[in-house]
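Engineer: One letter stands for each residue in the lines below.
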Amino acid sequence: MCLAIPGQVVELCEQPMLAKVDVGGVRRNVNVGLLEEPVVPGDWILIHVGFALGKIGEEAARDQLRMLQAMGEDELAMDEVRGYTFADEALSS
Amino acid sequence: MKYVDEYRDPALIANVAREIARAVDPGRHYRIMEVCGGHTHSIYRHGLLDVLPPNVELVHGPGCPVCVLPTGRVDDGLSIAEREGTILTCFGDVLRVPGTRGTPLEYKARGADIRMVYSPLDALRLAQEHPEKQVCFFAIGFETTAPSTALTILRARALGVTNFSVFSNHVTIVPAMRAILDSPGMLLDGFVGPGHVATISGCRPYEFVAREYGKPLVVAGFEPLDILQAILMLVRQLGAGEARVENEYARFVSWEGNRAAQAALETVFAPRPTFEWRGLGFIPESALELRPEFAMWDAERRFAVPGVRVTDPSAAQCGEVLTGALKPAQCRLFGKVCNPEQPVGALMVSSEGACAAHYRYAERAAEADPGRALESEPVRA
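Protein chains in written order, with our numbering: chain A, 2 to 94; chain B, 14 to 394.
Keep in mind the hints are simulated off the structure, nothing from the lab.
Using N, Cα and C, we set each Cβ at its ideal position, and we do this for glycine too.
Careful: at least some of the hints might be erroneous.
[Claimed, not checked] Which residues of chain A face chain B? A few of them, derived with a C-beta cut under 8 Å, are:
| no. | residue |
| --- | --- |
| 1 | L47 |
| 2 | G51 |
| 3 | G58 |
[Stated by the list, open to error] Ranges of calculated distance between the beta carbons of each label pair, as one might list FRET restraints:
| no. | chain 1 | residue 1 | chain 2 | residue 2 | range |
| --- | --- | --- | --- | --- | --- |
| 4 | A | Q16 | B | R217 | 43 to 51 Å |
| 5 | A | D80 | B | G124 | 22 to 30 Å |
| 6 | B | D38 | A | G84 | 46 to 54 Å |
| 7 | B | P197 | A | E15 | 41 to 49 Å |
| 8 | A | E59 | B | D38 | 34 to 42 Å |
| 9 | A | P39 | B | T113 | 44 to 52 Å |
| 10 | A | E59 | B | Q141 | 32 to 40 Å |
| 11 | A | D80 | B | E95 | 27 to 35 Å |
| 12 | A | V27 | B | G124 | 29 to 37 Å |
| 13 | B | E298 | A | G73 | 31 to 39 Å |
[Claimed, not checked] Stretch-level coverage of chain B by chain A, calculated; a stretch enters the list once three of its residues show a Cβ under 8 Å from a Cβ in chain A:
| no. | region |
| --- | --- |
| 14 | 53-62 |
| 15 | 153-167 |
| 16 | 258-272 |
Assemble the whole structure, with the sequences as input and the hints as a guide.
Structural biologist: Here's what the structure looks like:
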């Protein structure tokens, strides 16, 4: 339920509050509207139900990814990221 | 990659376990509650109960949103799905939670339009794509998840999407901890504080545990070493007669938390006067409802939900397990009648629930090693 998935910002989208994020090779747009400070490409963030919850360090990001593996939740996490449909190209124009 | 290597090193785990063994007073029994279901899952998955000294007992707390969702609320949500022209959306976890007349999955099989989403924003998009339908999001979760729902509602307002609504079952952890601390015969010595909730709320809201109740609390991450480190910090505080809030998870959690997310929560939600938790009963101001200015997106105001209260099967002892009075396997329904395939009680539903975690990992361990029977667990006096 409370999966927190680490991802790296690839680019900012034209649409407000959206950023394209890479999670283990899968790229999806996530909402960055809950962050206190703006993100830039290269930043690592913690993603939960389609939203960035906070910026984290690269080490913490890798740490978190491995924690998901250790918990047997990495596939679940990838399914979740693949499953975000809210910012598909069709609607983001 | 300092952390990665360290956490992978079993010698380091053994080291912290040894330090805990050194720090405990052999004449004392320690009862420590891990509040968060994610911690419960990690503790069982990694067999941490086996590396702790026998006089350090872990009590599994209420921090599993699916587990504390009362049957009546599931029924209420499903009543929305039964309305003509309505799509009910929810996270995957909710699909398996039994209502009085079946789970959302079973309703779906009987023809109700119920769809799983990974984000509340997916539900909002569905509403945009189906302007002729009402799309309702069955929202659950603690402070980690509630800000996402809040921002989705703000998006719906900004976009003028009026066929979208939220059935809010968001709950907050602090009132539940207070209810546990106030319960008669409370025997807990300290708390492993929730990690992901604290990324939003920060450590500050937990200060009352130390200040008002004189109990230590350590906010912790989910790695085995995080959890053991937090237990060591708690045992040391208890040994020194201290009660403070400490942050073991500083790589993700700050003292003040995420203020932007807190502001979104505050804008959209207000505390309900009271809310029922499965196993714990009614707890004042422990859940969130939409503020009146967002009534248009509030499923409870929009559709008259029955609001029926459904009593849990009296044989299920979820409440006693949740407060630590019983171990999961000591419940009279555990295993035979209540199991992850056919959950009767709330704690068996989600992998973060204490009973499901115990069933999945402890039973398996017992099968692999018959010498370590479940019955040999320390029984609480």
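Engineer: Decide, hint by hint, whether the structure agrees.
Structural biologist: So, going through the hints one by one against the coordinates:
Satisfaction of the interface hint for L47/A is found here, the shortest Cβ-Cβ separation to chain B being roughly 7 Å, below the 8 Å cut-off. Nearest Cβ of chain B to the Cβ of G51/A: about 3 Å, under the 8 Å cut. The hint holds. The closest approach between the C-beta of G58/A and any C-beta of chain B is roughly 7 Å, which is under the 8 Å cut-off, so the hint is satisfied. In this structure the supplied range 43 to 51 Å is violated for Q16/A paired with R217/B, their Cβ-Cβ distance being about 33 Å.
Distance hint check: the CB atoms of D80/A and G124/B are about 26 Å apart, consistent with the given range 22 to 30 Å. Checking the proposed 46 to 54 Å range against D38/B and G84/A shows it holds: the Cβ atoms sit about 49 Å from each other. Taken as a hint, the range 41 to 49 Å is violated for the pair P197/B and E15/A, whose Cβ atoms sit roughly 58 Å apart. About 41 Å separates the C-beta atoms of E59/A and D38/B, a value consistent with the hinted range of 34 to 42 Å.
Under the hint 44 to 52 Å, the C-beta atoms of P39/A and T113/B, about 48 Å apart, fit the expected range. Checked against the given bound of 32 to 40 Å, the beta carbons of E59/A and Q141/B, roughly 36 Å apart, stay inside it. Checked against the given bound of 27 to 35 Å, the beta carbons of D80/A and E95/B, roughly 28 Å apart, stay inside it. Range check, V27/A to G124/B: Cβ separation about 33 Å, and the 29 to 37 Å hint holds.
Range check, E298/B to G73/A: Cβ separation about 36 Å, and the 31 to 39 Å hint holds. Evaluation of the coverage hint for the region 53-62 of chain B: fulfilled, as 4 residues show C-beta separations to chain A shorter than 8 Å, against a requirement of three. With a cut-off of 8 Å between beta carbons, the region 153-167 of chain B has 8 residues touching chain A; three or more are needed, and the interface restraint holds. Remark: the region 258-272 of chain B is confirmed as covered by chain A, as 4 of its residues place a Cβ nearer than 8 Å to a Cβ of that chain, reaching the required three.
Hints 4, 7 from the earlier list are contradicted by this structure; the remaining hints agree with it.
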